[in-house]
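Colleague: Respectively, the protein sequence lines represent chains A and B. Per this note's numbering, residue 95 is the first one in the first sequence, and the count goes up by one each step. Per this note's numbering, residue 95 is the first one in the second sequence, and the count goes up by one each step.
For the record, the hints were derived by calculation from the structure and aren't laboratory data. Incorrect hints may have been included.
Treat identical chains as interchangeable: a pair holds within one or across any two.
Stated by the list, open to error - Derived pair list, reagent style DSBU-like, types lysine-lysine, alpha-carbon separation capped at 35 Å:
(1) K200 - K152
(2) K121 - K152
(3) K121 - K353
Nothing here was measured: the structure is a model prediction, and the numbers come from that model.
Number of protein chains: 2
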Amino acid sequence: MSDTATVYNFSAGPAMLPQAVMRQAQKEFCNWHDTGLSVLDFSHRGADFTAIAEQAEKDLRDLLAIPEDYSVLFCPGGASLQFSAIAMNFLRGKALYLNSGVWGDKATQEAKNFGDVIAFDLLSKQDGKTAIRSQQDWPDCSDDYDYIHFTPNETIGGVEFADLPKAGQGRWIADMSSCILSQPINVKDYALIYAGAQKNIGPAGLTIVIVRNDWLQREPVAPVPSLLSYAVMAQNQSMYNTPPTYAWYLAGLVFQWIKAEGGVAQMARRAEQRSQALYQFIDNNDFYRNPIAKKNRSRMNIPFILKDESLNSLFLQQAEAAGLRYLKGHRSVGGMRASLYNAMPMQGVEALIDFMSAFAAQNR
Amino acid sequence: MSDTATVYNFSAGPAMLPQAVMRQAQKEFCNWHDTGLSVLDFSHRGADFTAIAEQAEKDLRDLLAIPEDYSVLFCPGGASLQFSAIAMNFLRGKALYLNSGVWGDKATQEAKNFGDVIAFDLLSKQDGKTAIRSQQDWPDCSDDYDYIHFTPNETIGGVEFADLPKAGQGRWIADMSSCILSQPINVKDYALIYAGAQKNIGPAGLTIVIVRNDWLQREPVAPVPSLLSYAVMAQNQSMYNTPPTYAWYLAGLVFQWIKAEGGVAQMARRAEQRSQALYQFIDNNDFYRNPIAKKNRSRMNIPFILKDESLNSLFLQQAEAAGLRYLKGHRSVGGMRASLYNAMPMQGVEALIDFMSAFAAQNR
Chain A
95 MSDTATVYNF SAGPAMLPQA VMRQAQKEFC NWHDTGLSVL DFSHRGADFT
145 AIAEQAEKDL RDLLAIPEDY SVLFCPGGAS LQFSAIAMNF LRGKALYLNS
195 GVWGDKATQE AKNFGDVIAF DLLSKQDGKT AIRSQQDWPD CSDDYDYIHF
245 TPNETIGGVE FADLPKAGQG RWIADMSSCI LSQPINVKDY ALIYAGAQKN
295 IGPAGLTIVI VRNDWLQREP VAPVPSLLSY AVMAQNQSMY NTPPTYAWYL
345 AGLVFQWIKA EGGVAQMARR AEQRSQALYQ FIDNNDFYRN PIAKKNRSRM
395 NIPFILKDES LNSLFLQQAE AAGLRYLKGH RSVGGMRASL YNAMPMQGVE
445 ALIDFMSAFA AQNR
Chain B
95 MSDTATVYNF SAGPAMLPQA VMRQAQKEFC NWHDTGLSVL DFSHRGADFT
145 AIAEQAEKDL RDLLAIPEDY SVLFCPGGAS LQFSAIAMNF LRGKALYLNS
195 GVWGDKATQE AKNFGDVIAF DLLSKQDGKT AIRSQQDWPD CSDDYDYIHF
245 TPNETIGGVE FADLPKAGQG RWIADMSSCI LSQPINVKDY ALIYAGAQKN
295 IGPAGLTIVI VRNDWLQREP VAPVPSLLSY AVMAQNQSMY NTPPTYAWYL
345 AGLVFQWIKA EGGVAQMARR AEQRSQALYQ FIDNNDFYRN PIAKKNRSRM
395 NIPFILKDES LNSLFLQQAE AAGLRYLKGH RSVGGMRASL YNAMPMQGVE
445 ALIDFMSAFA AQNR
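Chain A extracted, bound-state conformation (with noise of 0.2 Å):
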């Protein structure tokens, strides 16, 4: 985001922020609402600040529809650290991990510190696309796991996926990292939501838990550090220590930018005309492929290949110039990505596509 150029940003995180945050952010940066303070200096107990993070909180369960009997957390860190925390809660017996990619089974290394994990590959190949295996090949999620581990979207693969057995319901905890508040939900199927801000929602250094407070009560077979335990953080409103405030506040920005723009249902169509140009332009283009089979693949982060890989350095170089930021793909994976959240407008994604166009005609 730029005063002066236009600039887009494809990284898959930390991620662009809506640029009317960004203005609004900056313009209060040393002054907020007229007290002669910054957000950052704010005492986090002060009445400012309280006001800041119970308003942040508030439209974040409007924004998701969370029931009443669901706590919302502001966490100090990124997603990675609650991979330790939900086996350190809730891993008792068995946990399921059902995993398409490379957070699921970073997840799965973490919580297997902590107990017993059963980890399911659910990615399978078809017709020469990744694809996400059909249900009645997955373990029965109807056994007496703790729980049952997903990533509705996988960062670095590209790879989305919604429908789930009916058997694990109210026990799933997601990893939402990368598609929360880009489409309405469900909560009441999850036992936990948790979500590291640096993509939909804010800044690096914050993650957004919604945990069913039942769950709260459940007694950790271990010691837990205070600062990941759900039920210290429940109780102390997250601030059991001085929680991340100015990334908090900044998530608050961007859950009013999300209201005033028309909510999750809006943030999803965004989402679906954002990916589905670039899918259509990448399918009808044979110098890019995609490796997603169709109904599994993100609306978020789109990985797509050069058919001739020795032209990707030239690619991002001129990408870059054209100022089309962060193109190149995870070194896992190869080839480039654009990651495609929230504050991404369709002007980004008509650039990213002319560029692509006018590379592929002066590279055949």
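With chain A held as given, fit chain B onto it using these hints.
Modeller: Only chain B this time, still in chain A's reference frame:
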């Protein structure tokens, strides 16, 4: 800090940042160094952020003369998360906690979840004032403790001390949250130093850890969450996952500001000047009282009690109206507290003294 009226923030943390840092951060908020992107948008693995991150570490190393065989980590969350991390990483047999207030007690409580802790209360009453006990009354620091933890400056009580027994050298672990960068230190005395950012470093949500590398080889007795493992954090240059990038950047700006102002020796002179002015005023005015023995008075956090405590609300109300913010003392101590961190200009202290003087004259 304000563009318009002069407001001084005496909060114990989050605290005010230097005005020059705030102005620079505001100016480049949406467009850092003509990149067309905000630092908030930067991928933590991109060249722009890597340069920011490395410079911040280099500047901190310069400021505190951190030897080569120590790692500098930029950890998510606050110091309370390190209370757990320290015990989980290093507590195998027993550890000694030398406590001088609320934060040392909290560190002790957290550590007790993970192993054997000997806690010793350093505080005593001397002539009606709170003081640190003479070292001859301390436990023998040459005992085979895994480490010896202490809090050189207690933010809530306003107690500070610096002298340590030779016997514990190299095994000290210090929570320097509220005094780091306020004076030169000899890093070699310590196995680990940690400090939450929101006082002398930057915004809440970041904690600096300085740890001697040989301690990274110590095998924990039980699994440690990856984000709390100093070995994992060091191996990954604090980027095992997405770090709190914006907080890291602001910390870097503060480090540059301290260097430009003359380094930690200059910060120490200013801290002395600020705190001596306020203590002198308090000692010479029987309307106010500081409960700490002179030798252990904090240069950073100055609690003071009104002779007539029924005037507390009036004092706070008039102080706020005069732009002197967040002077209310911690609930466990009562009265008032003025926190005078590095970013507090001498004019702020003078304004406070003028106000206190007038208030005393009017309310005798």
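Colleague: Work down the list of hints and note, for each, if the structure agrees.
Modeller: Right, here's what the structure says about each hint:
no. : hint        : verdict
1   : K200 - K152 : both (32 Å within a copy, 31 Å between copies)
2   : K121 - K152 : both (24 Å within a copy, 31 Å between copies)
3   : K121 - K353 : both (21 Å within a copy, 28 Å between copies)
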